[in-house]
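Just so you know, the sequences run in chain order H and B. If you count the first sequence from 1, position 39 lands on 39 in this note's numbering, and the numbers rise without skipping. Heads up: take any position in the second sequence, counting from 1, add 299, and you land on this note's numbering.
Be careful, since some hints might not be right.
Negatives, chain B to chain H, calculated, CB over 12 Å [what the hints assert, rightly or not]:
{"no.": "1", "residue": "Asp453"}
{"no.": "2", "residue": "Val471"}
{"no.": "3", "residue": "Ala539"}
Footprint (simulated), chain B over chain H, 3 or more residues, beta carbon under 8 Å [said to hold, decoys possible]:
{"no.": "4", "region": "54-68"}
{"no.": "5", "region": "77-86"}
{"no.": "6", "region": "90-103"}
For the record, the hints were derived by calculation from the structure and aren't laboratory data. Quick reminder that beta carbons are idealized off the backbone N, C-alpha and C, glycines included.
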Amino acid sequence: MITVEHLTKRYGPAVAVDDVSFTVEPGHVTGFLGPNGAGKSTTMRMICGLTPATSGTARVLGVPFTALANPGRRVGVLLDAGAQHAGRTGREVLTLAALMTGVDRRRIDATLDLVGLTDREAARRVGQYSLGMRQRLGLASALLGDPEVLILDEPANGLDPAGIRWMRDLLDDFARRGGTVLLSSHLLREMEAVADRIVVIGRGRIVAQGHKEELLRQAGAFVRSTDDAALAAALRQGGHGVAELATGGLSVEADPIDVGRAAAAAGVVLAELRAADSRGLEDLFLELTADDAREKVTA
Amino acid sequence: MTTAPSAERAETAARPRRSPDVRPVSFATLTLVEWRKQLDTRAGRWLLGVIAILTAAVLAVMMAVNGGNHSFSAFLVGTATPMAMLLPIVGVLAATAEWSQRTALVTFTLEPRRTRVGLAKVVGAVGSGIALLALSVGLAALAHLVVVLFRDADPAWDVTGRAVALLVLSVVLFMAQGVGFGLLLRSTPAAIVTLLLAPTLLGVVGSLVPGMADVLPWIDLGTAGEPLLFGGDLDGAGWAHLGTASLLWVVAPLVGGLWRVRHSEISSS
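Using the sequences provided together with the hints, build the complete structure.
The following block contains the structure:
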C-alpha cells in the first residue's frame, strides 16, 4: 500500500510536482503515466524518501519510507537502472544488496534465474551490460529482498518485446499474490496491458486516475459514415465533443449508442461504429496531457 | 540473455511476503558493506595496491641507500609519506563513488539513515587504512630484519606502542578527512585537488601575511600532524594545535559533508 497525499515539490519558483494525491493498493498493478518532465520520477523519489517534499506526505506500508526498518526487505525499488557502479559485476551488485538487507545469499541465484540473467552474464561488469540487462539486474535488486511493494521507474525501458512480455507476466504474478506495484512508463501500450489502475500526470498535476476500464470508457467512440461532416454537426449539436481524424472518420466523446442515435436522427448512414479501440489509452494520454506536452500533438 | 531459467529456483523469488520478520540494518553490517565496496572494484583494489607497492618501494630504496643502516622506526617513518598522501584519497573515493558512479540512489534507498551510511564509510575506510598500516609495520620490520642480517646494520627495534597508536590516530584523521571532503564536494577530482592544494596554499598565505606565523600552527594540519607520522614529541601545545587544526580540516568538512548528504536531494543525474 502506498498513500500519497498533497505531495508538492518546488525548485525555486518552478513547481515540479503540484498537490499530487493517489493511493496504490495491494493486489493491483498501478501505472504512473506522463510525458517526460511531468514529475513522475520526482514523485517516485519523494515516495522513497530520496527527495525532500516541499509539502505533503507519502507513506509506504503505512509509514514514511524513511521510517521503514530495513526498507530493502519491504519495498523493492528500481528508480534508474543505469545508476550502478560500472566496475562491479552483476552478481557483486546483488551480493552487496543481500549483505546490506540480510538476505540469504543463496537467494541471489534464484533472483538471477527469475530475471533471466545467466551465471556468465552475472559475472560480467555492469559497464558492459546493455540497457535491457541493466533493467533485469535492477529488477533483480528490487526483488531480492522478497518485498511486499514494488516501485519501478520506467522498468520496461530498453527491454526487447519478449523482455517486456516477461516483465508484464512477472508483475502480474506479483500483484496476484497480493503485492503492491507502482510502475511508471511512457510506453502506453505496455502500460495498457500490464496496469489495471492508472494515474496520469501532466506538468506536475494529476490529470486523471482510476481503473483502466473506466478511463478507457471515457475515451468514447470511433465512427465512420457516408457523410462525416453532417454527422459531426449533429453530434456537436447534441453536446458531444467531436474530432475529425486525418485518416477519415470521427473520434467522438460519447458512447457508441449515443452516436448511433445521433446518426439515426440525422439520417446519416454509418459505415463503422465501435468503442474507441486499443489505442484508447494513448488517445486519452495525449488528450489529457496535450496542454502539458512538449510537442504539440496533432490528432 | 536467452537461457531457460531454472523454474523452481525462480519460482520462490517472485512471491511477495506478507509477514515480514526483518531486522533493521545494523551499523556493523553497514560498515562491512561499505568496506567491501572499497575493495570490490578494480579502481578500489588498484588504489590500495598502489599504496602497498609505494610503501614497499620506499622501503626498498631505504634498504639500498646509506648502507641500509636504518632503525625499525626510521623505516616505519619512511612509509608514512606515501600513506599520508594517498590514504585520504581512499576516503574520498569511498564517498564520491556514490555520485560519480551514481550508486547513491540505491545506497540511500536501502538505508535511508544517511548519516549512518556516511559514518560507516569512515569506519570502513579506517579499516582499510589500519590494514595498510599493519602491512607497513610488517614490511618495515622485515626491511629492518633484512638490513640487520645481510648489511650489518645496527639492530634497533625501537618502534613503541605509542608511535603505532599515533599512526593509527593519523589513519583515522586521514580517512575522516577524505570521506568528509568527498561527501562535501561529491567530485573525486575536486575533493582530491582541494585536499592536496589547500594545505600548500595555506602555507603560502601564511608566509606572505605578517602575523600569520603565530596563527599558522593552530590551523595547519600538515605541521600539526607531523608528530603523529614522524614520531615527534607531542606536548600540551602540540596536542592543542592538533586539536584545532583537526577541527578545521577533519571535523568541519565531515560534519558539513554529513549535513549536506542528509539534507540534499538524492537523484541519479
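Tested hints:
Against the 12 Å criterion, aspartate 453 (chain B) stays outside the reach of chain H, whose nearest CB is about 47 Å from its own CB. The claim that valine 471 (chain B) lies off the interface holds: its Cβ sits roughly 24 Å from the closest Cβ of chain H, which is beyond the 12 Å cut-off. Non-interface call for alanine 539 (chain B) relative to chain H: holds, since the shortest CB-CB distance, roughly 40 Å, exceeds 12 Å. With a threshold of 8 Å between beta carbons, the proposed coverage of the region 54-68 of chain H by chain B holds, since 3 of its residues qualify and at least three are required.
For the region 77-86 of chain H, the proposed coverage by chain B is satisfied: 8 residues have a C-beta within less than 8 Å of a C-beta in that chain, meeting the threshold of three. Against chain B, the region 90-103 of chain H contributes 7 residues with a C-beta closer than 8 Å to a partner C-beta. That satisfies the three-residue criterion, and the hint holds.
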